[in-house]
Amino acid sequence: MPAQTVRITLKCNHGCVFCFADWSPEVARRRRDVHDYTNVIGADWRRELDDVRASGYDELSISGGEPLLHPELLPMVHHAKQLGFRRIEVQSNASLMTESNVSLLTRAGMTSCMASLPSHREKNFNAITRTQGHFVASVNGIRNLLAARVEVILCHVICAGNYRLLADFVRFVHEELGTINEILFFYVQPEGRAAQNLKVLPRLAKLRAHWAAAMAEADRLLDASRWADATASYRRALAVPGYEDDADAKAGIQAAQDAAATEAAEKKRDSSKRSQAVRDILNRLGKRRNR
0 MPAQTVRITL KCNHGCVFCF ADWSPEVARR RRDVHDYTNV IGADWRRELD
50 DVRASGYDEL SISGGEPLLH PELLPMVHHA KQLGFRRIEV QSNASLMTES
100 NVSLLTRAGM TSCMASLPSH REKNFNAITR TQGHFVASVN GIRNLLAARV
150 EVILCHVICA GNYRLLADFV RFVHEELGTI NEILFFYVQP EGRAAQNLKV
200 LPRLAKLRAH WAAAMAEADR LLDASRWADA TASYRRALAV PGYEDDADAK
250 AGIQAAQDAA ATEAAEKKRD SSKRSQAVRD ILNRLGKRRN R
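Quick note on numbering that gives the first Met the number 0: the sequence shown kicks off at 0 and runs consecutively.
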């Protein structure tokens, strides 16, 4: 079965301007479409991991917040290994992935890390993560993971603060982090902090040329198996007021209309089935009365 993600904390040492996990009851009351990301596993995490494994999942992804801030991350990873998960991933910004922490985690059972790197330029990195002094730690953390032969998937969220540098980012990965297993590009979603500041969403019309240049560089420098195009993730942004006129808005709106039509058709079928069931019951009752 595919991997199951468990969220163990919302605490984070970064304050990314687009973070979707920036959830609160107040935000949820204002915006009904905001997901509830407070579904963190609690003190009884052993039982919850047991339940995930018993459900048939053989891959586990541990997410946050920043998982390395959780005091019981190592026992969690070790327990997951004992349960027989064949792949155990930790999602991290990598700033706390020191040589020591990487060693402890790999010995406990971590096999993979999805590492977030929002920019390869320190100035942009600081602005996006709202931190100072973490850029070098994050890049070194990724290098420590690679040196330990951990499978590293690089997560790059495309936002207003980095979209002009996409091709240069690909070159940086090739030159500085050459053994990265995979790059995932995601267009920022209008959730969490991004929902409160839509300026972090770059206009798709402006993004197009930079995206094409980045994909050309990826094709030129990286093996096809080592990068993933996640452009479909921008579809939800097309429903945001002011973005409807972007190049792919028509396709996004059509997709939403198709989904609504499918849902309506399913409801109609369900209603028809219920009506038929009622008619069948009434027919049986009528036959009994006639006997």
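None of these hints come from the bench; they were simulated from the model.
Quick caveat: nothing in here was measured; it's all calculated off a predicted structure.
Warning: the hint list may mix true and false statements.
[Unchecked claim] Here are the simulated lysine-lysine pairs, BS3-like style, with alpha carbons at most 27 Å apart:
(1) K80 - K198
(2) K122 - K10
(3) K80 - K10
(4) K205 - K80
(5) K205 - K10
[Unchecked claim] Label pairs and their calculated CB-CB ranges:
(6) A147 - G55: 28 to 34 Å
(7) K122 - A212: 18 to 24 Å
(8) L220 - A53: 39 to 45 Å
(9) K205 - E181: 22 to 28 Å
(10) R45 - K122: 40 to 46 Å
(11) E174 - Q195: 33 to 39 Å
(12) E174 - R45: 40 to 46 Å
(13) R163 - S102: 34 to 40 Å
(14) G55 - L197: 36 to 42 Å
(15) A53 - R163: 27 to 33 Å
Virtual Cβ for every residue (Gly too), placed ideally from N, Cα, C.
We went through each hint and held it up to the structure:
1. K80 - K198: Status violated; Cα separation ~42 Å.
2. K122 - K10: holds, 24 Å
3. K80 - K10: Given pair K80, K10 holds - Cα atoms ~24 Å apart, limit 27 Å.
4. K205 - K80: violated, 45 Å
5. K205 - K10: violated, 34 Å
6. A147 - G55: 28 to 34 Å: Between A147 and G55, where Cβ atoms are some 29 Å apart, the hint holds.
7. K122 - A212: 18 to 24 Å: holds, 21 Å
8. L220 - A53: 39 to 45 Å: Holds, at about 43 Å.
9. K205 - E181: 22 to 28 Å: holds, 26 Å
10. R45 - K122: 40 to 46 Å: Since the Cβ atoms of R45 and K122 sit about 43 Å apart, the hinted range of 40 to 46 Å holds.
11. E174 - Q195: 33 to 39 Å: holds, 36 Å
12. E174 - R45: 40 to 46 Å: holds, 43 Å
13. R163 - S102: 34 to 40 Å: holds, 37 Å
14. G55 - L197: 36 to 42 Å: Holds, since G55 and L197 (Cβ atoms, about 40 Å apart) stay within the stated range.
15. A53 - R163: 27 to 33 Å: violated, 47 Å
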